[in-house]
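Now for the letters of each chain:
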Amino acid sequence: MKYDKEWDVIVVGAGPGGSKCAHEFAKRGMKTLVIDKKQEIGAPKRCGEGLSMRWIRITGQKPNPKWALQEIRGAVLISPRGKKVVIDTSKTGQTGYIIERKMWEKELAAEAIRSGAKYMLKANVIDLIKEDDTVKGVVVERDGKEEQYFSKIVIAADGVDSRIARMAGIQTTIPLTECDSGYQYEMANVPIEDPYKMELYFGKEVAPRGYIWVFPKGKDIANVGIGIIGSSEKTAKFYLDRWLENNSRFKDASIIEINAGVIPVCAPIETMVANGLMVIGDAARMINPIHGGGIGSAMEAGIIAAEVGANAIREGDVTRDRLMEYQKRWHEVRGKEFERILKVRKFFEKLSDEQMEIIADAVDPKVLVELGHGKGLATVVKALIKASPSAAKFAMSFLK
Amino acid sequence: MVAVNNREKCLYCGGCVSVCPVMAIELKETQIVIDKDKCINCGACVRVCPVGAMEVKK
Ligand SMILES: Cc1cc2nc3c(=O)[nH]c(=O)nc-3n(C[C@H](O)[C@H](O)[C@H](O)COP(=O)(O)OP(=O)(O)OC[C@H]3O[C@@H](n4cnc5c(N)ncnc54)[C@H](O)[C@@H]3O)c2cc1C
Ligand code: SF4
Ligand code: SF4
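Listed in order, the protein sequences are those of chains A and B.
Going by the numbering used here, the residue at position 321 of the first sequence is 321; the numbering climbs one at a time, nothing skipped.
Counting the second sequence from 1 gives a position; the numbering used here is that position plus 400.
Hints were generated in silico from the structure; no laboratory data involved.
The reader is advised that the hints may include incorrect statements.
Away from chain A, derived, C-beta distances all over 10 angstroms, residues of chain B [stated by the list, open to error]:
1) Glu-429
2) Lys-436
3) Lys-438
So, partial list: chain B residues that the calculated Cβ filter (under 7 angstroms) puts toward chain A [said to hold, decoys possible]:
4) Val-404
5) Arg-407
6) Cys-413
7) Val-419
8) Met-423
9) Lys-428
10) Gly-443
11) Ala-444
12) Val-446
13) Pro-450
14) Gly-452
15) Val-456
Pairs of lysine-lysine residues, derived as DSSO-like cross-links and limited to a Cα-Cα distance of at most 30 angstroms, are as follows [unchecked claim]:
16) B:Lys-436 with A:Lys-102
17) B:Lys-409 with A:Lys-136
18) B:Lys-428 with A:Lys-136
19) A:Lys-130 with B:Lys-428
20) A:Lys-122 with B:Lys-438
21) B:Lys-428 with A:Lys-336
22) A:Lys-45 with B:Lys-409
23) A:Lys-328 with B:Lys-428
24) A:Lys-197 with B:Lys-436
25) A:Lys-5 with B:Lys-457
26) B:Lys-436 with A:Lys-350
27) A:Lys-31 with B:Lys-438
28) A:Lys-204 with B:Lys-438
29) A:Lys-251 with B:Lys-438
30) A:Lys-102 with B:Lys-438
31) B:Lys-409 with A:Lys-106
Even glycine gets a Cβ: it sits at the ideal position worked out from N, Cα and C.
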């Protein structure tokens, strides 16, 4: 396939962030090229495939049985000692789906293409073209050749292993304690009690600083995965395998897919723009630091970046100062929430298994749901201090 | 001493790339490429790898 050399926008990365962003640029009449190094969009997945309705809504999609495999109306949290806290969100409207991400990501790309965007696959962006400290395009390795493509704006939507932002001088390296090491099996013939609920297992022995999840993808298929602190001496695979081997529930189940990935649970990068460049999604570390969901926020950032970027291109001003509007607007809609959630994460990682039990006993499940949105931390802290005054020493500081 | 990738274990998730402080690692679809001259042997990639596919070798 031949491609034009000149574009309004080049999006590096055809993940949910990149495809949504390309769709929004193309809808605004911008000539848009999406480049991905993979040979297939959506595969291999690095994902538990949980997606809440509020994010499906921002795509303008309706849940389609082709990819919306299992509706979710709540969760069961299992404490280190095995206490089950059942959360039912069917009445609060906080529902979602376990999706077939490969199908869904291809559908997102198809929507962008129908609006005019073009896609180039198995093409690795190896460098940025820069002139006068401004990004002017990309150098691509494709078919064993090096090629240059030019654009007014480059979007770095290149995921957790982003190098594009770093090529533009933006620091994105994640400290080991600020990311989770993730591993997952998609399994078949898994006994599932309630397919409408996600199961989350906590405890230092189960998953240090993280949790094990069982996300039902239909009546007997599930994503069984784990996230643990990135600095852990033993691997995520070690913890997940050990848990499965000691759990008779999985004795007749078997693996149909293996996934891995690192999940940034840090604060987003400080600078999200450079002259001619915007960084979105995992590349900008825009992940919910408590549960590690990042599909939705990547798309949201893509939409904002396209709104700002299309205007900037029309005005003929793609300087860092002009594009800074994207970063400002992102902080307005999501920044504060992520700051609060980061605080929740920092509180929870200080807890011992015993303190976790106290919280499981003492706190209303409705409050626990809200923690994922960064709300209700004060209620949890107070409940802990009441039941275990010795916790006050560290917990008090989280009331501020 | 530099980091070495074990192709038989690696799942090509790119996790190691995100923690490398000197951008010595690149994920090329199904191949991890390590720039030996850049690697400072810090071990971050070894720690973070979900499956233990990175080693620091002489
Ligand atoms: C184990 C695990 C479980 C998860 N579970 C969930 C979940 O249940 N729900 C949820 O919402 N989130 C989950 N996440 C997080 C979620 O997968 C990410 O937040 C999401 O994929 C981010 O989207 P993105 O578009 O920013 O990047 P990505 O989806 O990572 O897309 C980046 C794309 O850029 C391409 N690329 C990178 N570099 C280059 C280059 N140089 N040249 C060309 N192309 C390039 C890559 O090939 C890739 O296709 C999970 C993550 C992990 C690791
Ligand atoms: S983190 Fe491990 S599995 Fe993932 S790409 Fe790097 S070496 Fe391979
Ligand atoms: S050892 Fe450190 S410097 Fe070397 S490749 Fe791994 S993370 Fe990079």
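Structure versus earlier hints - violations, ascending order:
Per hint list: 1, 4, 5, 10, 12, 15, 16, 17, 21, 23, 24, 25, 26, 27, 28, 29 and 30 violated.
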